[in-house]
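So the protein lines, in turn, are chains P and C. To convert a position in the first sequence, counted from 1, into my numbering, add 11. To convert a position in the second sequence, counted from 1, into my numbering, add 11.
Any given hint could be a false lead.
Note: identical chains are not told apart, hence a pair may lie in one copy or across any two.
Subject to a maximum C-alpha distance of 20 Å in a straight line, what follows is the list of computed EDC-like cross-link-like pairs (lysine to aspartate or glutamate) [what the hints assert, rightly or not]:
no.: 1; residue 1: Lys82; residue 2: Glu235
no.: 2; residue 1: Lys82; residue 2: Asp32
no.: 3; residue 1: Lys218; residue 2: Glu230
no.: 4; residue 1: Lys82; residue 2: Asp146
no.: 5; residue 1: Lys136; residue 2: Glu57
What the hints contain is simulated information worked out from the structure, not anything from laboratory work.
There are 2 protein chains.
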Amino acid sequence: MHAPLCQACAIRNRAICADLDSEELSLLNSIGRQRRLRAGEQLLWEGDEAVLVANVVEGVLKLSTFTADGKEQILGLVYPSDFLGRPFGETTPYGVEALTDAHVCVFQRADFDRFAREHPRLEHKLLERTLAELDRTRRWMLLLGRMSAEQKLASFLLEMEDRMANGGCAPSFGEPKVWQLPLSRQQIADVLGLTIETVSRQFSRMKADGLIDLPSRREVVLLEREALTELSG
Amino acid sequence: MHAPLCQACAIRNRAICADLDSEELSLLNSIGRQRRLRAGEQLLWEGDEAVLVANVVEGVLKLSTFTADGKEQILGLVYPSDFLGRPFGETTPYGVEALTDAHVCVFQRADFDRFAREHPRLEHKLLERTLAELDRTRRWMLLLGRMSAEQKLASFLLEMEDRMANGGCAPSFGEPKVWQLPLSRQQIADVLGLTIETVSRQFSRMKADGLIDLPSRREVVLLEREALTELSG
DNA sequence: CGCCTCTTTGAAGAGGGTCAAGCGAGGTGG
DNA sequence: CCACCTCGCTTGACCCTCTTCAAAGAGGCG
Numbered sequence: 012m013h014a015p016l017c018q019a020c021a022i023r024n025r026a027i028c029a030d031l032d033s034e035e036l037s038l039l040n041s042i043g044r045q046r047r048l049r050a051g052e053q054l055l056w057e058g059d060e061a062v063l064v065a066n067v068v069e070g071v072l073k074l075s076t077f078t079a080d081g082k083e084q085i086l087g088l089v090y091p092s093d094f095l096g097r098p099f100g101e102t103t104p105y106g107v108e109a110l111t112d113a114h115v116c117v118f119q120r121a122d123f124d125r126f127a128r129e130h131p132r133l134e135h136k137l138l139e140r141t142l143a144e145l146d147r148t149r150r151w152m153l154l155l156g157r158m159s160a161e162q163k164l165a166s167f168l169l170e171m172e173d174r175m176a177n178g179g180c181a182p183s184f185g186e187p188k189v190w191q192l193p194l195s196r197q198q199i200a201d202v203l204g205l206t207i208e209t210v211s212r213q214f215s216r217m218k219a220d221g222l223i224d225l226p227s228r229r230e231v232v233l234l235e236r237e238a239l240t241e242l243s244g
Numbered sequence: 012m013h014a015p016l017c018q019a020c021a022i023r024n025r026a027i028c029a030d031l032d033s034e035e036l037s038l039l040n041s042i043g044r045q046r047r048l049r050a051g052e053q054l055l056w057e058g059d060e061a062v063l064v065a066n067v068v069e070g071v072l073k074l075s076t077f078t079a080d081g082k083e084q085i086l087g088l089v090y091p092s093d094f095l096g097r098p099f100g101e102t103t104p105y106g107v108e109a110l111t112d113a114h115v116c117v118f119q120r121a122d123f124d125r126f127a128r129e130h131p132r133l134e135h136k137l138l139e140r141t142l143a144e145l146d147r148t149r150r151w152m153l154l155l156g157r158m159s160a161e162q163k164l165a166s167f168l169l170e171m172e173d174r175m176a177n178g179g180c181a182p183s184f185g186e187p188k189v190w191q192l193p194l195s196r197q198q199i200a201d202v203l204g205l206t207i208e209t210v211s212r213q214f215s216r217m218k219a220d221g222l223i224d225l226p227s228r229r230e231v232v233l234l235e236r237e238a239l240t241e242l243s244g
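Build out the structure end to end from the sequences listed, making use of the hints.
Here it is, written out as structure tokens:
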């Protein structure tokens, strides 16, 4: 698919392009390019010149960085309709890697920057999104700085379920449902600022306590959302 | 000072207003209002309707939130020329309190939002600032999630000195200099996700090791920036 | 079936939290 | 001017959570 079609895009109404009229959209169309990523494939490298920005159409990606001694910290997860990359910046401040097979709509940063500056409506959307992302990131700081391992994992599972269930469109009601974890245990540890062993132990304990079920490594069921919410602090 | 004068503003060239022409500036002038805050005074309360946004002219303020069990986490520090508040949002996602006597230039959010939407240049500045703030916040996540108490405090002191020395304009060279900490030990603990005791112990150890000097509670000298940089990871 | 990777589990240890007491600078009142 | 009080900070002792190190278990895939 080298000829993207914004008009037919799955995330058309949720991404930053939502407010554009059809003329603007086809202009954007002309500078964008679809790209598929396999799980594990890297899209951007930390410290590189910031050449790309992108919209996520499908899949989950991680933003991450490393300490001097090589420990990874995942700085954020990016889902369909989220924007990704560093417009108006020199270098990419974090690495970006696909956690699942993914589908993104990429732009050369220079093209995108120019387009954005000429289309305030897009720039406004981008601003709203960035502000929302900043709020989300700050909430994550509370988790990293002040929560116990148990609280961290409970918070993580609850948020993840909301994200996975239905693209975040509606809160999850009714029967507990099985869903796929897009992250390995190690990656969950890197999100929460824990070690893989601690994550694994917390999973086991929650399962033993009947709060969750783990049909397989990558599958989860939240049996007791109430109790998990309680735990999450 | 109820009649602000943007043209004469100390942070005129560094704040988001930097790119405005004089006509725009006087319009902004007419919707803004100067306000002085005493150290400890609260400007915004978490969860309140988002009614205000502001530019910091002078002083240091903190953004903070609390866990369910009452532990505070400082989400960010705001310095002169920084922007503060949540434009285009319903509620204030964190509390804002002055750490030192401060001087801010406040706007009714509704007024500011309208002005911003009508002046893409301002909105663009705001976007650049928000993106930079997001990068800074993400770097802080690495600190919270992956660093030891010692690394945290070393990082904190180094960054703080850069901020305090000269408004962040130039890197600090030459002789070690005494400067004022705008935060109490407890507040430092809340920034770093530690307890006051741990912060205090780390201070004492660094002093004993000759890395820093503490002429009084609120004064610091970084004697060995090299070594501290090493420690900070 | 066997290998490889990811995950789980166990045991030991350290870093930081908690609780409690002591210190000291600044402010107040005698 | 000094004694006293207060509040923030420091220091000590102990304990708990999470990390570290090590080994065994469980899927997945050739």
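Hint by hint, here is what the structure shows:
In this assembly of identical chains, the alpha carbons of Lys82 and Glu235 never lie at most 20 Å apart, being 33 Å within a copy and 26 Å across copies at closest. For the identical chains of this complex, Lys82 and Asp32 are neighbours neither inside a copy (45 Å) nor across copies (47 Å), given an alpha-carbon limit of 20 Å. Taking the shortest Cα distances, Lys218 and Glu230 sit within 20 Å of each other inside one copy (12 Å), while across copies they are farther apart (50 Å). Taking identical chains as interchangeable, the C-alpha atoms of Lys82 and Asp146 lie at most 20 Å apart only when they sit on different chains, with a minimum of 19 Å there against 25 Å within one chain.
When the C-alpha separation of Lys136 and Glu57 is checked against a cutoff of 20 Å, the pair qualifies neither within a copy, at 25 Å, nor between copies, at 24 Å.
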